[in-house]
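**Student:** If you want the building blocks of each chain, they are given just below.
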Amino acid sequence: GENVEQHPSTLSVQEGDSAVIKCTYSDSASNYFPWYKQELGKRPQLIIDIRSNVGEKKDQRIAVTLNKTAKHFSLHITETQPEDSAVYFCAANNRGFKTIFGAGTRLFVKA
Amino acid sequence: EAQVTQNPRYLITVTGKKLTVTCSQNMNHEYMSWYRQDPGLGLRQIYYSMNVEVTDKGDVPEGYKVSRKEKRNFPLILESPSPNQTSLYFCASSSKPQPLAGGPGEQYFGPGTRLTVT
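Protein chains in written order, with this note's numbering: chain A, 3 to 113; chain C, 194 to 311.
Derived by calculation from the structure, the hints in this document are not laboratory data. It should be emphasised that the depicted structure is a prediction, and the values quoted were computed from it without experimental measurement. Among the hints, a few may not be true.
[As the list claims (entries may be wrong)] Only some residues are given here: those of chain A computed to face chain C with a beta carbon under 10 Å: (1) E41; (2) G43; (3) A93; (4) F110.
Cβ coordinates follow ideal geometry from the N, Cα and C atoms, glycine included.
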């Protein structure tokens with residue numbers, strides 16, 4: 003079946019450094035790729051998304067890149083801050099509205 | 194205030210005792226979905242609904258039922274709960290995406306329901 007693999011499962015960086023999280027999807031029909039942030043004890047919230055007709059999207063310190071040929075997309079966070087510490091989930095959707103999430107990456111930003 | 198609400202937030206029950214977790218949204222969203230979250234497995238989709246009376250299975254539908262009789266409500270029903278359904282459950286909703294855009298668009302999640310089945 004369809005799946006989304008996410009790496010790494012845990013990532014620890016120093017404040018101010020960059021963090022990169024990578025995801026690979028299996029369903030070639032996927033065309034919408036959101037990223038969600040979940041702080042401890044809270045609900046997931048969308049931080050950025052990208053559609054298949056775009057290769058890169060940026061919003062302040064956050065950027066996402068998509069390589070449809072390789073079925074690979076990545077989240078980049080620059081100038082990390084302690085408040086970026088959370089669990090990040092990637093996901094892939096197709097027009098059928100079925101959503102497949104990655105297993106999550108726990109990001110620690112050390113002050 | 195635009196929101197997705199779930200009730201109850203916490204529930205401890207016994208094997209076999211039917212239960213319903215309610216989900217309601219006030220944003221007039223067409224799309225609604227249920228997920229379960231387990232450590233190391235991320236969020237797994239149980240069922241989703243694209244509109245009233247239109248539902249479909251996600252990745253892990255076994256042991257669950259849903260209904261969508263009204264646009265704002267999407268209850269999750271466990272007819273005979275078992276311990277392996279102990280989990281954190283999230284409801285989510287989304288507006289209809291632009292044509293050909295793909296996927297449900299930004300999903301707004303409820304606060305979660307922590308269910309324990311003993």
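**Student:** Could you work out which earlier hints the structure fails to respect and list their numbers in ascending sequence?
**Tutor:** 1, 4
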